[in-house]
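J.: Each protein sequence line maps, in turn, to chains A and B. Going by the numbering used here, the residue at position 30 of the first sequence is 45; the numbering climbs one at a time, nothing skipped. Going by the numbering used here, the residue at position 283 of the second sequence is 297; the numbering climbs one at a time, nothing skipped.
Derived from the structure by calculation, the hints contain no laboratory data. Note that the coordinates shown come from a computational prediction; the quantities given were computed from them, not determined experimentally. Among the hints, a few may not be true.
With beta-carbon atoms standing in for the labels, derived distance ranges [unchecked claim]:
{"no.": "1", "chain 1": "B", "residue 1": "G379", "chain 2": "A", "residue 2": "A26", "range": "35 to 43 Å"}
{"no.": "2", "chain 1": "A", "residue 1": "L23", "chain 2": "B", "residue 2": "R91", "range": "47 to 55 Å"}
{"no.": "3", "chain 1": "A", "residue 1": "L31", "chain 2": "B", "residue 2": "D376", "range": "19 to 27 Å"}
So the derived list for chain A, only partly shown, Cβ under 10 Å to chain B, looks like this [claimed, not checked]:
{"no.": "4", "residue": "W25"}
{"no.": "5", "residue": "A29"}
{"no.": "6", "residue": "V30"}
{"no.": "7", "residue": "G39"}
{"no.": "8", "residue": "S45"}
{"no.": "9", "residue": "L49"}
Note that the Cβ used here is the ideal one computed from N, Cα and C, for glycine as well.
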Amino acid sequence: MTQSRRILVWAMLAVLAALVAYFGFRGYVSADMLFNFGNSFYC
Amino acid sequence: MNSTHWRTPGVVLACGSMILMLSLGIRQSFGLFLQPMSGELGWGRETFAFALALQNLVWGVAQPFAGMIADKFGAARVIAAAGLLYLLGLALMAYSETGLAFDISAGILVGLGLSGSAFGVVMGVVGRAFPSEKRSMALGAVGAGGSFGQFIMLPYGQLLISQFGWLNALLVLAASSFLIVPLASALAGSNAAATSSNQSMGEALQEAAAHRGFWYLTASFLVCGFQTLFIMVHLPAYLIDQGMTPLEGMTALAVIGFFNIVGSYLCGVLGGHLSKKYLLSWIYAVRGVAILAFVTLPLTPWSTWIFAAVIGFTWLGTVPLTNGLVAQIFGVKYLSTLFSIVFLGHQIGSFLGGWYGGYMFDLTGSYLTVWMVAVGLSVLAAVMCLPIDERELATLPLKRRAV
């Protein structure tokens, strides 16, 4: 694998990781999650 | 094309990661079903909690047997059968109307499914697919796949419940678990290490039993199970008891999940360059310090998230290091079997962590005692890892093997 292709692959992986982290975190703090799951710990 | 030609180490790693992602990730979402199922079916919380505790126990007890069958007859068959049991368990969960039916589906069938499709069996194949200098990195990468599943499946499960209701969500998860079956074909093939050694399984077990390091690893892994399950089950409740909001509690869980992915991979990479026993010792020590600081310093959202990041980083980082150490000392021929026995220690710890946390809270109205026990266990585990003799047994003279 050439150096430029290696950099491209790592850049794509970094973008993918950032997207996954963003949507993952949004999912964790979504209203549904907080209402149905987070609130269950009050009991 | 040769029937095994396409099963390159990279393919084994990618498919092994996806199997772990599915098996560990789907299980991670079960807590989401507690409220809707208990409410609709009129169950107490104990019915649900007992089935999940049973699942952990069945997983731990069945894991060594799954590992033995995989080492003897091939991992792909075990993983495929486990995928089908997982599917059956999830589908029956959706139609369970009594506590007993739920114990059988969510407890026994899913537990058996996990024993054949999670760490022990999958990591055994991945460990054998890579040469010793790249093995730790590969185990870290496959562990990161499992961590990724754990991170992403919780919000995904919630999305399914919100969109389709809990029953259909379980059926979608059951259909997703079926993907384990075709993915298992990438992990097929003979155990190449079997031809390089004449050692029988009985001899391997005797050899491991006589090695102090094997028991130190099992005991330290028990500590890992105790801490992770206690934190996963009781941390949100602890935070809310301390006046935090569900938003802050859920953010803490997300931070743990995200840093778990990074930590699993990096610990595997580091294990390829540094002493695994010292890395394990550091992980347990760091956890102890993090827990002590967390419960003694003033609690703020930021202190919680920093704690979550440290704990997340060390969460499954123990897995590639423990598995890698078993492979390094005892070889890879019976890696699934031997690691599965070590993993049984982890599951006993998980059971104790989940149960003891609730028991002590009911008894004292506080989690402080359990946090302190977790700190003490960290110190114990950090110390226990130090005397492990990391040398490969096959290279030692026979009289030096029982160390």
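J.: What hint numbers does the structure not satisfy?
T.: 1, 2, 3, 4, 5, 6
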